[in-house]
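Quick note, the sequences are listed as chains A and B, same order.
Per the working numbering, the first sequence starts with residue 133, numbered consecutively.
Per the working numbering, the second sequence starts with residue 10, numbered consecutively.
Any given hint could turn out to be false.
To be verified - Here are the simulated lysine to aspartate or glutamate pairs, DMTMM-like style, with alpha carbons at most 25 Å apart:
(1) K589(A) to D608(A)
(2) K318(B) to D608(A)
(3) K549(A) to D476(A)
(4) K237(B) to E464(A)
(5) K545(A) to E631(A)
(6) K237(B) to D452(A)
(7) K541(A) to D219(B)
(8) K60(B) to E464(A)
(9) K597(A) to E651(A)
(10) K318(B) to E557(A)
(11) K318(B) to D219(B)
(12) K549(A) to D219(B)
(13) K589(A) to E631(A)
(14) K60(B) to D42(B)
(15) K318(B) to E604(A)
(16) K237(B) to E651(A)
(17) K237(B) to E586(A)
(18) K545(A) to D219(B)
(19) K597(A) to D633(A)
(20) K597(A) to E586(A)
Keep in mind that the hints were calculated from the coordinates and are not lab data.
Since the model is a prediction, treat every value here as computed from it, not as a measurement.
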Amino acid sequence: MIESPPPMPAGAAKVSLFRRLLTHPTGVVSMVLLVLVALASVLAPLLATHDPNTASVQQVLAKAGSEHILGADSAGRDVFSRLLFAGQFSLAGALVALAVALILGVTAGLAAGYYGGWFDSVSSWLTGLMMALPGMVVLLAARAVVGPSMWLSMMIFGVLLSPAFFRLVYASVTAVRNELYVDAARVSGLSDVRIIGRHILTVVRAPVIIQSAMVLGIAIAIQAGLEFLGLGDRNIPTWGSMLNDGFINIFKSPTLVLWPALIIGLVCIALTLLANAMRDELERSRGPVKKSHKAAAAEAAADAEGAAEKRGAAAVVHADEPNEDAGEILLEVTDLGVGYDQPDGSTTHVVNHVNLTVRRGEVHGLVGESGSGKTQTAFSILRLLPQGGRITGGSIFFEGQDLAQLSEKEMTKVRGKRIAYIPQEPMSNLDSAFTIGSQLMEPMRVCLGISKAEARKRALSLLAKVGIPNPERTFDAYPHQISGGMAQRVLIAGAVSCEPDLLIADEPTTALDVTVQAEVLNLLRELQDELNMGVILVTHNFGVVADLCDRVTVMQTGRVVETGPVRSIFNHAQHPYTRQLLGAILEDTAPRGQYTLKELKGVAS
Amino acid sequence: MYQFVLRRLLSGVLLLFVITTVAYLLLYAGGGDIARRIVGPTASDAQVALKASQLGLDRPLVVQYWDWLTGALTGDLGRSWFNGQLVSAGVSSRLSVTLSLVLGATIIAAVVSVVVAVWAAVRRGWVDRVVQFVGVLGFAIPGFLIALGLVSLFALNLKWFKATGYVPITTSFGGWAATVTLPIVALSIGCIAAVVQQIRGSLIDALRQDYVRTLRARGLSFNRVVYKHVLRNAGGPALAVLAVQFIGLLGGAVIVEQIFALPGLGQITVAATGQGDIPVVMGVVVATAAIVVIVNLVIDLAQGWLNPKVRLS
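In isolation and in its complexed conformation, chain A is listed as follows (with noise of 0.2 Å):
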C-alpha cells in the first residue's frame, strides 16, 4: 500500500527539515494549506455560520447566498458550516489512526529490529499476514461486528497501517544495530532503552515523519471512503459523510458533491507533496556524501584539464621502429574531445585533443591512471558514453567513416560485426535473467542474420575454444551459476562471436583472480593472432602491456602525453609520468606473477 522511504544515514534528521522545507516550493504551498485546513477546523466553532446538525425542511437544497454560502444539503444544513467541524472529526479520525500505526508500528519495529529472534519473525510474519487483505474489506468487516463508530474504524485502521512503520524502522534498525557507535554504546554499559532512543530513534526519526505524512493521507481517504459509503456514523458531520449527501443529490444539486471532494483532493495532495518535499530535502542533505559518478568524473577532468593547461606541453611521440612491418591503418581518432553536459549548461571535457592510431594486428595498450580518461576514448570510439556524455571535437576514422558522425541506427551496425568490448567486470556484464547460451546467440543472430541452430552450433565451438571444458553446460548455464573467470571467457567469446576487426578490452584482467589473468591474456593473444584483429587494450598496468602490447599510448587527465612503440617507451620514456608509472610497476606487480617480471625484463634488457 505504501512504498518505504528508504532509511536515512545518521545525522540527517539532525539538521532543521522545518527550515530547509520553508524553501521548497511545494514544501511551503503544502504547509501552508494544511495549516489553513486545521486551524479551519480547530476554530469552527468560531468560524461558523450554523450550528452543523440543525436541520431545516425550508432550506433543503437551498441555493448558495447570503443565507447559506455553500448552500443547504439534503436536510437544509449548512454546508459551509459542516464543511468546518466535519474538518474536525475527520482529522480528528486521521489522527487516531496514525497514532496506533505508529505506536504499534514503530514500537514492533525497534523491538524486532534491535533484539531479533522469535520476535522478530513472529512480527514480519504478522505484517504479511495484515497486507494480505485489502484494508477497505477489512474495515468492512469489522464495521459488521462493532457497528458505525468512526473511532473505532479509524483505530482497526491504525493497526492495518502499522506495517507501513514496522517494516521501516525495521529496517533502519537492522542497519545501524550493528554499527560501531552502537556497539561502543552497549560496550560503554548504557542500557538498551537508553541506546534506543538515543541513537537509534535519530536515525528513524526523519523517515517515520515522511511517512507519517503519507499514512495520515491515506487515512483520510479511507476514511471518507468508509463514510461516502453511507457506513458511518450519521451523528457526526464528516466530509465523507458529505460526499455521500452530495453523490445522492447530485442531478438536483450538482455543487454539493464539489466542496467535499475538493477538500479531501486538496489535502490528499498536500500530505503527499508535503512528503515528497521532506525526502526531497533528505535527499540533497546527504548529496554531498555520495558523490555520482559523474560528478566526481567531472571534478577530475576540471582538475585534468587546469593541469594540463599549465603543462600545455605536446605528446611525446616517438617513431616507429624501421624494420616493423606496419599493417594498414584500422583506426584513426584525430583531436577527440569528450565532455558531459552538466546540469547548469555547462560541459565538462574529460578527454582533450587525444590522437589515437591503431594498425590491423596490432595491440594498442592504452595506459594510465583512474580517471586519465582512457576508458572515456575507449566508450567514444565505440559511441556508447554514459548518458549525459558526448563527442565535442575531433573525428574517428574506422576504415574510411567518421564514427564520430555515423547516426545510431548505422553505428549499431557498426558494434559487434566491426568493432568489438570486451568489459572489465565479467559478472555485471552478464544478464542475470538470460542464459549463457542465449546472451552468446542473440547477437550473432542479429549481427550475421543466422539461424538459431546455426548460432547454437557457433557459440558452443566459441565456448570451447576459450577454454570452457564442458560448453554444453555452460550454454544452458545462468551468469550466476559460472565462476568470474568463466564468465570472462564467455564475454570475450561473446565479444569475438562476429570476426570483429578492432577490439577494445577495458581492462580485462582487473578483476579477476592473478592466475586466471594469465590465462586470459594467453587466450586474448591467441584470438588477436588468429583473426588479425587489432586490439586497443585499456589497462593501467604496464606489466600487461608489456606482456601484450606492440605499441603503447600513455594518458593523463585527459590527454596523451606518450605514445610509441612498446619497445621504445619501456626503454626511452621521456614524459615524467610515464616513467613513474613504469616506476611502480616494477614494484607493484613483481609478486603478482613470475611471467610477468620475467617479460617485462625481457623486454626492458
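Starting from the known structure of chain A, arrange chain B on it as the hints suggest.
Relative to the frame of chain A, chain B by itself:
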C-alpha cells in the same frame, strides 16, 4: 521448478487458512451481542436468546468454527441470516463483476505503466519530470474522487457512457465494455501512478547496469536491449508493486461499484455490513483472501520466470 511451485502453493493454502480462521474468530466472537444487534435494542433478553439459538450462536465458538470449516471445505459457506440465500451462490454470482473491474484495471495499469515508464526513463528531462509530477497527483488523489469526477464529466455531463448498471460479458461484449470502462479507468489511475514510479525507478537503475553497454557493444539496438533485457530485469520489483496494488484495487472496487451501481462483491459487502449479516461478510472475506492468494501465486511464478535466481535457489 516443481518444488518451487509446490512450496508457493502450500504457503498460499496456509495463508488462506490462517486468514479465514482469524476472520471467523473475530467476527463471531461477539456471540450474544450479534443477536442483540439483529433483533434490536428494544427486544427482550428471551428474544435475543431465541435468535442466538436460531442462528447457532449459542454453541461454543470452536464448535461453530468446526462446523463452518467442514462446510467451507465442501463449498458450503452457509446461508444469509436475512434473505436465506446461499452465501456461496451470492458471492460467486457477483465475483465476475468485481474480477472484470479489478483484472481489467490491473492489465490496463500494467500496459500503460510500462509504456509511460520506458518513455520517462529513456527520455528523462522534462518528460520525466511531467510523468513524475502527474504520478504524485494520481497517487495522492483518492480513487473514489477520480471515479466521482469521471461519472460527473463523462456520464452526467457529456453522456458518453451510462452512469450506472452492468451488462454481463456473456450477454453483449459492447454492453459490458460500455458499463465497465469508466469504473476500470477510475480504478487504474491510482494504480498506474504507483506502478509507473516503481518501473521508472528500476528501469533507470537497470539502464545503468554494465550489461546494457556490453549488449549494445555486441550490435544489439538500444530499443532491443531495453525491451528484451532491461525491462525483464526491471520486471521483478514492478510485479511486486503490481501485486500490492491489486490488493488495493479489491478494496477500491467496493467504492467504485457503489458509485457506478455495479452488482459486484462490493455491493453485497456493503449491504451485509450495514445489516450485520455475518455469514455473507465471512463469505466475502473468504473470496477476497482466495483471490489474493491466487494472485500472489501467479505473481510468484512470474517472478520465477523473470528471475532464474528465484527459480533455481
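Original post:
Given the proposed pairing of K597(A) with E651(A), does the C-alpha separation stay at or below 25 Å?
Top reply: 13 Å, holds
Original post:
Keeping to a limit of 25 Å between CA atoms, is the pair of K541(A) and D219(B) held or broken?
Top reply: Judged against 25 Å, a Cα distance of about 21 Å means the pair holds.
**OP:** Would you check the hint for K237(B) and E464(A), treating anything up to 25 Å between C-alpha atoms as holding?
**Re:** 34 Å, violated
Subject >> Hinted pair K318(B) and D219(B), Cα distance within 25 Å >> reply: 19 Å, holds
Original post:
Given the hint that K549(A) pairs with D219(B), does the C-alpha gap stay at or below 25 Å?
Top reply: 20 Å, holds
Original post:
Is the straight-line distance between the alpha-carbon of K237(B) and that of D452(A) 25 Å or less?
Top reply: Violated, at about 47 Å.
Original post:
Taking 25 Å as the top limit, are the C-alpha atoms of K597(A) and D633(A) close enough?
Top reply: 18 Å, holds
**OP:** Take a quick look at whether K60(B) and D42(B) sit within 25 Å of each other, Cα to Cα.
**Re:** 11 Å, holds
Original post:
Given the proposed pairing of K318(B) with D608(A), does the C-alpha separation stay at or below 25 Å?
Top reply: 14 Å, holds
Original post:
When you check the alpha-carbon spacing of K549(A) and D476(A), does it fall within 25 Å?
Top reply: Distance of about 38 Å is beyond 25 Å: violated.
Original post:
If you draw a straight line from the CA of K237(B) to the CA of E586(A), is it 25 Å or shorter?
Top reply: 22 Å, holds
**OP:** For the pair we were handed, K589(A) and E631(A), check the Cα-Cα distance against 25 Å.
**Re:** This hinted pair holds, its Cα atoms lying about 15 Å apart.
Checked against the numbered hints above, the structure violates hints 3, 4, 6, 8 and 16; every other hint is satisfied.
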